[in-house]
Each structure stands twice: as structure tokens, then as C-alpha cells.
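**Student:** Kindly generate the complete structure, drawing on both the sequences and the hints.
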Amino acid sequence: MGMTITEKILAAHSGRDKVVPGEIVNAAIDLIVAHDVTTPPAVAMLKKLGIERVFDPSKILVTPDHFVPNKDIKSAELAKQLREWRIEQGIERYYEIGNHGICHAIAPEQGHVLPGMTIVCGDSHTTTMGALGTFASGVGSTDLAAALATGELWFKVPETMLFELKGKLPFGVYSKDIILYIISKIGVDGARYKAMEYTGDGLASLSMEARFTITNMAIEAGGKSGIMPVDGVAEDYVKARTSQPYTKYYSDADAHYSERMTIDLDQLEPIVALPSLPSNGRFIGEIERVKMDQVYIGSCTNGRIEDLRIAAQILKGHKVANGTRAIVVPATTEIWKTAMREGLLEIFSDAGCVVSTATCGACLGGFMGVLGAEETCLSTTNRNFVGRMGSPKSKVYLASPATAAATAITGTITDPREFLK
Amino acid sequence: MPELPDKLTGYAHVYERDHINTDEIIPARHLNVHDEAELAKYAMEDIDTEFVKRVMPGDVVIAGENFGCGSSREHAIWALRGAGIRVVIARSYARIFFRNAINNGFVAIECAEACEVAKTGDHVEIDLLGGRLRNLNNGKEATFVPISDFARELIEDGGLLPHIKKKAGKA
Chain P
1 MGMTITEKIL AAHSGRDKVV PGEIVNAAID LIVAHDVTTP PAVAMLKKLG
51 IERVFDPSKI LVTPDHFVPN KDIKSAELAK QLREWRIEQG IERYYEIGNH
101 GICHAIAPEQ GHVLPGMTIV CGDSHTTTMG ALGTFASGVG STDLAAALAT
151 GELWFKVPET MLFELKGKLP FGVYSKDIIL YIISKIGVDG ARYKAMEYTG
201 DGLASLSMEA RFTITNMAIE AGGKSGIMPV DGVAEDYVKA RTSQPYTKYY
251 SDADAHYSER MTIDLDQLEP IVALPSLPSN GRFIGEIERV KMDQVYIGSC
301 TNGRIEDLRI AAQILKGHKV ANGTRAIVVP ATTEIWKTAM REGLLEIFSD
351 AGCVVSTATC GACLGGFMGV LGAEETCLST TNRNFVGRMG SPKSKVYLAS
401 PATAAATAIT GTITDPREFL K
Chain B
1 MPELPDKLTG YAHVYERDHI NTDEIIPARH LNVHDEAELA KYAMEDIDTE
51 FVKRVMPGDV VIAGENFGCG SSREHAIWAL RGAGIRVVIA RSYARIFFRN
101 AINNGFVAIE CAEACEVAKT GDHVEIDLLG GRLRNLNNGK EATFVPISDF
151 ARELIEDGGL LPHIKKKAGK A
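Protein chains in written order, with this note's numbering: chain P, 1 to 421; chain B, 1 to 171.
In short, the hints are calculated from the structure, not lab data. Be aware that a few hints might be false.
[As the list claims (entries may be wrong)] In silico BS3-like pairs for lysine-lysine, Cα to Cα no more than 27 Å straight-line:
hint, chain 1, residue 1, chain 2, residue 2
1, P, 393, B, 167
2, B, 53, P, 47
3, P, 156, P, 18
4, B, 165, P, 156
5, B, 41, P, 47
6, P, 156, B, 166
These figures come from a predicted structure and were not determined experimentally.
**Tutor:** Below you can see the structure in the form of C-alpha cells.
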């Protein structure tokens with residue numbers, strides 16, 4: 001029996017010819033991404049154990065992203081610890097405020113992610129980077145510390161689920177709608193412990209940016225990772241950023257999949273996930289036009305330049321509705337600058353949106369748009385659990401940047417196709 | 001780290017709901033610290049504001065499916081442990097939470113019928129070797145697969161990092 005991409009990467013990184021799902025392997029880690037919330041505890045653990053040096057500073061990338069620019073004194077201390085640690089360890093790949101970005105967006109954007117890599121980060125949305133044919137999985141601080149110290153980590157080889165994307169997305173429907181649709185079908189634990197692999201002609205039609213949105217949300221179905229085979233689109237993306245060599249892995253024709261699901265992209269419509277589970281997705285025509293106090297466009301899910309272009313296209317010449325606030329958060333500094341050069345920031349500002357620097361910010365209820373009790377927010381982020389963006393009594397709806405922009409204009413949940421005509 | 005006892009007893013805090021996520025266990029607004037005692041003050045804050053007033057050392061959290069889904073924050077384990085929780089028993093776990101539990105030497109048990117056996121406030125006994133949860137108030141019981149040798153070894157070593165250190169010392 002053949003192997004899936006995920007099995008091949010894990011085999012190659014643990015010195016095996018073959019691995020099967022369920023086996024525990026100790027895999028070498030090619031890239032460790034570190035941010036301001038989960039890294040300082042990992043560093044404290046290493047210090048406590050007397051482990052003074054990381055295994056290889058050249059395999060670590062550090063960017064503060066969650067609570068920066070520092071939101072309060074305690075988070076300032078975390079960012080400071082991160083900064084001092086990276087100097088002490090001689091980690092050169094560091095993105096300070098002004099060059100920073102949300103880790104899952106900046107790592108591939110700056111050419112640090114190569115096909116075939118194993119990647120870990122103390123963050124559940126690490127799965128994002130699997131869109132470039134990597135095994136990328138989120139871990140806690142202890143795993144992060146172990147990886148920093150030894151350069152390897154134990155994994156149970158996951159079973160793989162195969163999602164075949166067929167056809168082409170209709171007008172006004174985006175990759176966010178695809179992943180919200182999938183999660184609505186399989187549930188928030190539908191891919192628990194599993195790798196979510198994508199294939200099909202529908203995948204080929206998606207840009208790299210659109211693909212990251214899909215792998216980003218693997219964790220919202222409980223997945224260990226999301227992964228896509230490397231094609232011309234992926235290679236163009238990588239080669240525009242780095243000349244480092246890499247290995248491409250492809251699933252064998254006789255690889256074993258625990259489940260298979262086919263998604264006809266032509267049949268999809270804009271989707272909104274109702275509070276308070278990412279799996280509560282409904283086609284927009286089936287839901288009430290609930291009033292929104294806030295619209296949030298950004299995050300590692302949907303804060304890339306394509307997302308901002310779509311939102312700006314819809315918002316151009318319009319105003320954010322009275323009684324609604326709109327916040328735009330480009331995912332990285334580079335995206336912010338591109339949006340500035342393309343005039344998108346001006347469109348947002350003229351429409352009455354607030355434009356922030358890159359941060360995880362209010363996606364996780366940190367700052368820059370936290371919600372009060374009973375407030376509603378339509379957000380392009382990845383999860384809408386109770387209290388995720390602020391008060392446990394607030395309500396978060398998830399949708400694409402296009403749906404978010406249309407909703408900002410009317411103040412109620414709105415089908416973006418009304419503005420794209 | 002002392003050897004893990006064969007049996008543990010404590011008072012139950014029962015949350016029958018599925019998909020209790022790490023944002024509820026420890027909201028992100030408290031992630032600007034990672035001290036267990038500090039995090040403990042806010043444990044379960046977004047699902048049960050009475051939890052921290054009620055919880056006592058050695059207590060047990062019992063929950064439904066996919067406990068600990070969402071963010072990878074290990075702070076969820078630290079907040080629960082800091083608050084005094086010794087064991088979590090759930091129908092199932094989100095994988096990062098489960099992994100974080102083992103890595104911290106924290107006992108997380110999968111038991112399909114746990115929510116049917118106890119309600120909040122009941123005194124329960126957990127037979128770790130025998131794989132049995134027993135309600136000491138009414139005698140109701142449920143079984144579970146005893147924790148694996150790998151998990152037991154990590155728990156007894158005090159978690160993944162001391163375990164790695166111990167192994168490195170032997171090599």
C-alpha cells in the first residue's frame with residue numbers, strides 16, 4: 001500500500017522508508033516559528049531545566065504578533081522576553097514591530113516555508129503552512145520547548161482524509177466559503193487527529209493566498225494538519241521568495257485515506273458560520289440579516305492582500321453603516337505596505353474603517369476591537385467560540401472578506417454579490 | 001515527581017456539553033501571564049464563573065466530547081492544574097489539549113459514560129489502574145481504558161521535558 005504526502009514527510013524526517021497511521025515517530029523539525037504568547041513559557045521551561053541553548057538558531061523564526069504593539073504592561077513583558085531571548089540565542093530570523101506580521105502569514109510570505117518541511121509553532125493555526133506541501137502542526141509550549149531543545153518531536157502518524165475540490169468557485173464565492181462548508185459538513189471534531197489533504201481541479205484554480213485560508217482552518221475541524229500537493233502555483237509562490245532547494249512529496253495512487261469527500265465548488269454560495277461554533281455554517285440565503293455592531297477583516301485566515309483587495313473593491317465609494325464599526329487588520333507589514341501602495345488603505349479609511357497594523361488583536365479577544373456584552377461581530381477570522389473576541393455574551397459570525405465588506409456597508413449580514421454586480 | 005497513585009479521589013465539576021474550548025477554559029485576555037497561580041484565578045471563567053469559588057485541590061473536571069478544542073494554549077492545562085484540578089475525564093479530547101496534558105504530566109482520561117455517573121459536587125474515585133470511575137455518593141460506575149504506559153511514564157517523570165532530560169542523562 002502506498003503512502004500519503006503526510007506519511008512520506010514524516011517517514012523522511014524520522015529515518016524510515018515507510019510509516020503507517022497510528023505509529024509514533026520522532027520527527028526532525030525543519031522550522032520552528034515562535035511568537036509572544038506561547039514562546040516565553042517554553043523559554044522559562046528550558047531555563048528551569050538548565051537547557052541553555054536551542055538546537056539550531058538558523059531553524060527558528062521569531063515574530064511577536066499576538067499582543068503587539070504591546071497592549072498592556074504584562075504583554076510588554078512577554079514581547080520583551082521574546083526579544084531578549086532571540087538575541088541571547090543568536091536567532092537571526094526576527095521580525096520586529098514595523099517589519100512584523102502574524103506568524104502563519106509572515107513565515108511563508110518571507111520565503112521561510114519550503115515544500116516538504118516539518119513545521120511546528122505554539123499556535124493552533126500553524127496548519128496554514130501546509131498549503132505549501134509541508135507537515136505543519138500546532139503544539140503547546142512544552143512541545144515547543146522540546147523542539148527548541150532537541151530539534152525533534154514525537155508525533156502519532158495521523159490518518160489522512162481526502163477532500164476533492166471539483167469545478168470552479170462561482171462569482172462572489174471564495175475559499176473561506178469552501179472551508180466553512182467543509183467544517184459545516186464534518187463538524188468541529190470531524191477531522192480530529194487527522195491530516196486534511198486536498199486535491200482536484202478546483203484546488204488548481206485557487207491562488208496560493210486562497211489556499212492558505214483553507215489549510216488555516218484545519219484545526220477548526222479538529223485536524224492535526226492541512227496539506228496540499230505542490231503544483232505550479234505553489235512553486236511560483238516559493239520561487240519568488242527564496243532560492244533554497246526543497247523536496248516535493250506526492251501521495252501514491254494507492255495511498256490509504258480514512259475518508260473521502262467531494263466538494264462541487266460550482267454549487268457553493270457565500271457561507272456564514274453562526275455563533276458559537278465554526279461548524280455552524282449556513283448558506284447566506286438561509287439566514288436572517290442580523291444587525292452587526294462590528295465587522296472585522298483580518299487575521300491569519302483572511303488578512304492577506306487578495307482579501308483586502310476584494311474588501312476594498314466592495315467598499316470603494318461606500319460608507320460603513322451608521323451603528324456599525326469596521327476594522328481592517330492586514331496580516332503582515334508587507335501586506336499593509338502593498339495595500340497602501342495600491343490605494344486600498346485610502347478606500348478603507350474613506351469608507352470609515354479603522355486600519356490597524358498587523359496583529360492577532362481582536363481575533364482572540366486581545367485588543368483592537370474587543371466586543372462588549374451582547375455585541376455582534378461579523379469576522380473573517382477562524383473561530384467564533386463563546387468569548388473568543390471579547391465578552392462571553394458577545395456573538396461572532398464567520399464569513400469571507402467579501403461578505404464582511406458588504407455587511408459593513410449595510411450594517412446587517414449581506415450577500416456580497418449584491419455589491420459585486 | 002511522586003509515583004502516580006493507583007486511585008485518586010476528588011469532587012466532580014461536571015460539564016456535559018461537547019466542544020468546551022480553550023477560550024472558555026482560559027480566555028485569551030488572561031494570556032499575558034503564564035504563572036499557574038495567576039491563571040488559576042480565571043480558570044473556566046467563560047463557562048462557569050462559580051468554578052473558581054468552588055474548586056478544591058484534588059478535584060476532577062468531567063466533560064463531554066472534544067474537550068479543549070481550539071487554541072493550542074497550554075495555559076488551559078496550567079489554569080486547571082493551578083486551580084487544583086488533578087484529573088480531567090472527558091468523552092473525548094481535542095488532540096492538542098490531550099497532548100499538552102500528557103506533556104505536563106497531567107492526567108486526562110477518556111471515558112464515554114463519565115457525565116452519566118456524576119453531577120457537580122459528587123465525590124468520585126478514579127481507579128487509574130483498573131480503569132474505573134466510581135461515584136462515592138451513589139455507587140454508580142463507568143469504565144475507561146487505563147492510561148497508556150507511555151503517558152504514565154511521562155506523568156511519573158513530571159512531563160515531557162523532565163522525561164527528555166532523564167533519558168538524556170541515561171544515554
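**Student:** Next, verify each hint and record whether it holds.
**Tutor:** Here is what the structure says about each hint:
1. P:393 / B:167: Since the Cα atoms of residue 393 of chain P and residue 167 of chain B sit roughly 47 Å apart, the hinted pair is violated (cutoff 27 Å).
2. B:53 / P:47: Judged against 27 Å, a Cα distance of about 33 Å means the pair is violated.
3. P:156 / P:18: Holds, at about 14 Å.
4. B:165 / P:156: holds, 21 Å
5. B:41 / P:47: holds, 25 Å
6. P:156 / B:166: Holds, at about 22 Å.
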